[in-house]
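S.K.: Line order of the protein sequences matches chains B and H. Heads up: the first sequence is residues 1 to 299, going by the UniProt record's numbering. Heads up: the second sequence is residues 1 to 117, going by the UniProt record's numbering.
Derived by calculation from the structure, the hints in this document are not laboratory data. Some hints could be false.
[To be verified] Taking lysine to any residue pairs in the SDA-like style, the calculated list, with each CA pair at most 20 Å apart, reads: (1) H:K49 / B:R181; (2) H:K49 / B:P195; (3) H:K49 / B:E216; (4) H:K49 / B:M88; (5) B:K8 / B:S48; (6) B:K124 / B:R181; (7) B:K92 / B:N71.
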Amino acid sequence: MGTAIEVKNLSRRHRSVAALDDVTVSFEANTIHGLLGRNGAGKTSLMSIIAGQDWPSEGEVRVFGQRPHENEAVLPRMCFVREDQKYMDDAKPGHVFTAASLAYPNWDADLAQRLIEDFHLPMKTKINKLSRGQRSAVAVIIGLACRANITFFDEPYIGLDAAARQLFYDRLLEDYAENPRTIVVSSHLIDEIAPLIEHIVLLDRGRVLVDESADELRERAVTLIGRWDHVQDVIGGREILRREELGRLVRVTVLGGLGADEQARARELDLDIAPVSLQQLVVHLSARQGATLETAKEA
Amino acid sequence: MEEGRALFVQIAEQIEDSILDGSLGEGERAPSTNELASFHRINPATAAKGINLLVDRGILVKRRGLGMFVAEGAHEQLRTSRRETFAEQYLDPMLAEARALGLDMDAVIDMVRRRAT
């Protein structure tokens with residue numbers, strides 16, 4: 001498949017604040033990536049720089065092997081859709097879609113039309129008079145119909161209600177199955193996008209905290225519920241991500257899955273074993289100070 | 001799909017369940033990657049990984065240009081492997097609960113016998 005995007009030692013500072021701090025990460029082609037992290041973790045900064053819309057303070061970006069900035073061979077192959085997208089004052093959705101059809105060589109007008117109907121987008125209203133959800137729909141339609149080789153969705157669905165978001169996820173998967181391409185989705189709604197994404201990059205305060213497959217990550221943590229001495233017996237030296245107590249009962253989430261022997265031991269000790277969702281794991285990992293997941297792997 | 005467990009493993013287990021309960025017979029065509037992806041609303045690559053897990057174990061076989069089919073003997077093979085883990089998966093939790101309730105083993109065996117008839 002190959003690599004679509006390579007980022008090496010990338011830093012972006014705004015005065016003394018580092019939005020990105022020595023980020024090295026790559027994105028496989030024809031894969032749906034989840035770019036996760038708390039507000040201010042550097043998600044938008046990273047996508048803006050890769051998309052050629054912002055300049056790095058240090059480091060390098062390669063898109064399909066080339067520098068993206070002011071590069072006409074690469075820029076039309078990328079689409080960056082963001083929640084706070086700015087449009088010309090009097091533009092109606094049709095104007096924006098026409099502009100997009102000229103900018104993106106793979107633009108699919110039929111798909112755009114179907115999506116306009118799916119999202120019930122009023123075409124005669126100026127964009128600045130549309131509701132937040134309708135503006136989000138405009139952005140989502142551009143991101144899907146552009147069929148760019150690389151598409152970034154930077155939380156464009158913030159204004160969409162639950163039903164419209166599901167519509168977006170469904171259409172994205174359908175179209176991706178027929179036209180595989182590289183998609184990077186940033187979202188806070190991790191549980192919602194979890195089934196879509198194959199690979200996860202988790203940023204925290206400008207650094208890469210996690211860079212691995214979603215399914216591997218799912219099996220990286222486990223929650224045990226029972227008596228504390230019994231829990232301790234099973235978890236050994238594993239790092240504890242979270243510990244809650246209720247009387248003599250504890251609920252402990254640890255890093256590192258259980259082997260077959262340990263699972264058997266946990267059952268003997270009458271411990272409940274619960275899986276940890278990606279959302280929970282990401283929250284725990286983001287809350288944790290210092291050590292990266294790499295160091296925890298060795299432990 | 002349930003969160004917190006590898007999705008591709010769950011896909012493989014669900015296909016196994018269909019083969020075990022007979023809704024997917026030997027020699028029949030298994031759902032395609034895209035069918036699974038759209039039904040479960042998951043990434044097609046994840047669905048493909050689940051299918052490949054079963055291909056590796058000889059449960060599904062690929063027929064070029066036609067898709068994936070349930071292998072001859074898949075039903076028996078799955079039965080054998082599930083029987084091996086039956087005690088651990090189902091009896092151990094039951095016995096743990098029985099012990100916690102102070103039930104003696106004869107009483108438990110008696111209950112099982114009565115339920116089974």
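S.K.: Are the hints correct? Go through all of them and say.
M.R.: Evaluation of the provided hints:
Proximity of K49 of chain H to R181 of chain B is assessed by CA-CA distance (about 18 Å); at most 20 Å being required, the pair is judged to hold. Pair hint K49 of chain H plus P195 of chain B holds up; C-alpha atoms about 13 Å apart against a cutoff of 20 Å. Using a Cα cut-off of 20 Å, the hinted pair K49 of chain H and E216 of chain B holds, with the two alpha carbons roughly 13 Å apart. Proposed proximity of K49 of chain H and M88 of chain B is contradicted: the alpha carbons are some 45 Å apart, above 20 Å.
With a C-alpha separation of about 15 Å, the suggested pairing of K8 of chain B with S48 of chain B holds against the 20 Å cut-off. Restraint check for K124 of chain B and R181 of chain B: the C-alpha separation of about 32 Å exceeds 20 Å, so the hint is violated. Between the alpha carbons of K92 of chain B and N71 of chain B the distance comes to roughly 29 Å, so the proposed pair goes past 20 Å and is violated.
In terms of the numbered hints stated before, the structure departs from hints 4, 6, 7, listed from lowest to highest.
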